[in-house]
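**Q** Each chain, written out:
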Amino acid sequence: MEKYSRLEFEEFERKIEYYKSVVLNSNDAVIIQDFNGVIKSWNRAAQSIYGFSEKEMLGQNISKIIVEAHREEAMKNIAAVKNGHPTFKVHQIRITKDKKEVDVNITYSPIYEKDEIIEIATTEEDTTKLKNTLEKLEKTYAQLKNIEEFKSVAMRNVSHELRAPISKIKMFSMLLMEELNKSGDGNKKAKEYGQYLVINSDSILSEIQLIIEWSKLENTSSIVHDKVDFRHICEKVINVYESQISNKGLKLIKDIKADFEFIGNSRLIEKLIRNIIDNAIKFTIKGKITISLYCENGEIYFSVEDSGIGISSDKLDKLFIPYNKIEQSNKGLGVGLAMCKKIVELHNGQIFMQSKLGKGSKFIIKIPLNN
Amino acid sequence: MAKKSILIVDDDKEINLIYKAILEEKYSLDFALNLNDAMIELKRHKPDLMILDIIVPPDGGDKFYEKIKSMPAFNDLNVLIISVLGEMEDFAKKYAPNSLSLGKPFTKKDLLRTINEIIG
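Going down the list, the sequences are from chains A and B. Those letters in the first sequence? Residues 5 to 375, per our numbering, in order. Those letters in the second sequence? Residues 22 to 141, per our numbering, in order.
I should point out that these hints are in silico values taken from the structure, not numbers from a laboratory. Owing to the predicted nature of the structure, the values given are computational and were not obtained by experimental measurement. Just so you know, even glycine gets a beta-carbon here, dropped at the ideal spot from N, CA and C. Heads up, a few of these hints could be off.
Here are the computed distance ranges between Cβ atoms for each label pair [said to hold, decoys possible]:
#, chain 1, residue 1, chain 2, residue 2, range
1, B, D80, A, K329, 38 to 46 Å
2, A, K220, B, D33, 45 to 53 Å
3, B, N57, A, K220, 56 to 64 Å
4, A, V162, B, K67, 36 to 44 Å
5, B, S49, A, F154, 46 to 54 Å
Partial list, computed: chain A residues near chain B (C-beta under 7 Å) [said to hold, decoys possible]:
#, residue
6, K93
7, K174
8, L179
With a Cα cut of at most 30 Å, we get these calculated DSS-like pairs of lysine-lysine [what the hints assert, rightly or not]:
#, chain 1, residue 1, chain 2, residue 2
9, A, K240, A, K366
10, A, K220, A, K290
11, A, K143, A, K59
12, A, K59, B, K84
13, A, K186, B, K84
14, A, K172, B, K84
15, A, K192, B, K47
Given these sequences and hints, build the entire structure.
**A** Set out below in structure tokens:
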């Protein structure tokens, strides 16, 4: 027998105590069993998970706490460790002293004596609470989703109800203006007021239109495809806005190089281009708007740059969140850009914005040609 | 020359007032506030054009459109489909080329131009 000094012996004892306390006080159950599943060691956490005391379990078979359906698998796991399988983790349903089922994650590891595997250690973590929390979380998530859908439906219904009467207000105010104009130079004030009726009903209508379009698009995950003539749509939209741009005294620079077709959704692409250009006009008082379109390495690049008010970099990430207005003073509800992002994503593309406060902004849209 | 005739099928009396204001001068107008009346009116006098709102009681303008188009007497009838802008676009597109459908709210100019394209 090897001889140890008293000091060395004390050191061994100290180490044993140390490891013992780690095992004893572990939050996870630590169980040692032989190759037949006979329990050799059982710590406090094992007692608190399974209800059996150390005294009750030492010498008992592990199958006592395993549901029948998992017993065979447990024996296979033991055999695997015995045959040298490295440490592995499994999930089992176990049974407690008072016959309750618990979900546990079990890590199997071998215990060596010299170079030989002699026993098996398992650390076992009770995941029942985790599972319950997860279930609660899932339920909450489902409720949230319901609220989200309800909000979306409510917004759409409200908008639908508002749209019909406002449409009529708009049409009647246009007719009213016409009647007033028949009266020649008179009724100047009435004409001015009438003009405000037309302008304002127009702006409510376009907001309502946006909400309805957004609520339709918001929960869409796939689109109807057709051939998209990007250049043609781009030019068509620019035509619509050209007079508005020049009326505002802005310079329009067009740099449209690409001529290609791709498979996407024309209606949505038109909406995207319209929203981006509309946005640029809205926030630009003087200077220019540059619209460019080109195709490179299988990707479509569409960008609109303005010399408008720009936004500070800390607000950039809020830009595409629906109903999130960057400045309270901005007109509109803040769905336009959220819609743009959604449309780009439905085409597997990306949208970015570069901006300098007071200098202007640039929106860049990148869409793969074969999306 | 006699004015060309238009049958307007819409249950909204205020909208009908708008049609009247815009079209009365140039066209001879008849109105039907529901689809049963529309059918009676069609059989009494086949108009040069029917303006059909897509939402009309009891079945909706879309069903009515399909029904009359399957009737030999009316399959050549000019129909201008009116939908709310951005709604029922698919139906309007399915059955009507651009000139045969119009979204609400429309302007006087749009309505007159569209009808002029169809019946002159």
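**Q** The structure should be examined with respect to each hint, and the outcome stated for every one.
**A** Against the structure, the hints come out as follows:
1. In this structure, D80 of chain B and K329 of chain A meet the distance hint of 38 to 46 Å, their C-beta atoms being roughly 42 Å apart.
2. Between K220 of chain A and D33 of chain B, the C-beta spacing of about 24 Å breaks the proposed range 45 to 53 Å.
3. Between N57 of chain B and K220 of chain A the C-beta distance comes to about 32 Å, which lies outside the given range of 56 to 64 Å.
4. For the pair V162 of chain A and K67 of chain B, the supplied restraint of 36 to 44 Å holds, since their beta-carbon distance comes to about 41 Å.
5. For S49 of chain B and F154 of chain A, the hinted distance range of 46 to 54 Å is satisfied, since their beta carbons lie about 49 Å from each other.
6. Proximity of K93 of chain A to chain B is violated relative to the hint, the smallest CB-CB distance being about 53 Å (cut-off 7 Å).
7. The beta carbon of K174 of chain A is positioned within 7 Å of a beta carbon in chain B (closest approach about 5 Å), and the interface hint is therefore held.
8. Taking 7 Å as the C-beta contact cut-off toward chain B, the hint placing L179 of chain A at the interface holds, the least distance being around 5 Å.
9. A threshold of 30 Å between alpha carbons decides the hint, and for K240 of chain A with K366 of chain A the separation of about 21 Å falls inside it, so the pair holds.
10. Using a Cα cut-off of 30 Å, the hinted pair K220 of chain A and K290 of chain A is violated, with the two alpha carbons roughly 35 Å apart.
11. Taking the CA atoms of K143 of chain A and K59 of chain A, the gap is about 41 Å. The hint is violated against a cut of 30 Å.
12. Pair hint K59 of chain A plus K84 of chain B does not hold up; C-alpha atoms about 81 Å apart against a cutoff of 30 Å.
13. Straight-line distance between C-alpha atoms of K186 of chain A and K84 of chain B comes to about 41 Å, which puts the hinted pair past the 30 Å bound.
14. Proximity of K172 of chain A to K84 of chain B is assessed by CA-CA distance (about 25 Å); at most 30 Å being required, the pair is judged to hold.
15. With a CA separation close to 29 Å, the supplied pair K192 of chain A and K47 of chain B stays within the 30 Å bound.
The earlier numbered hints that this structure contradicts are 2, 3, 6, 10, 11, 12 and 13.
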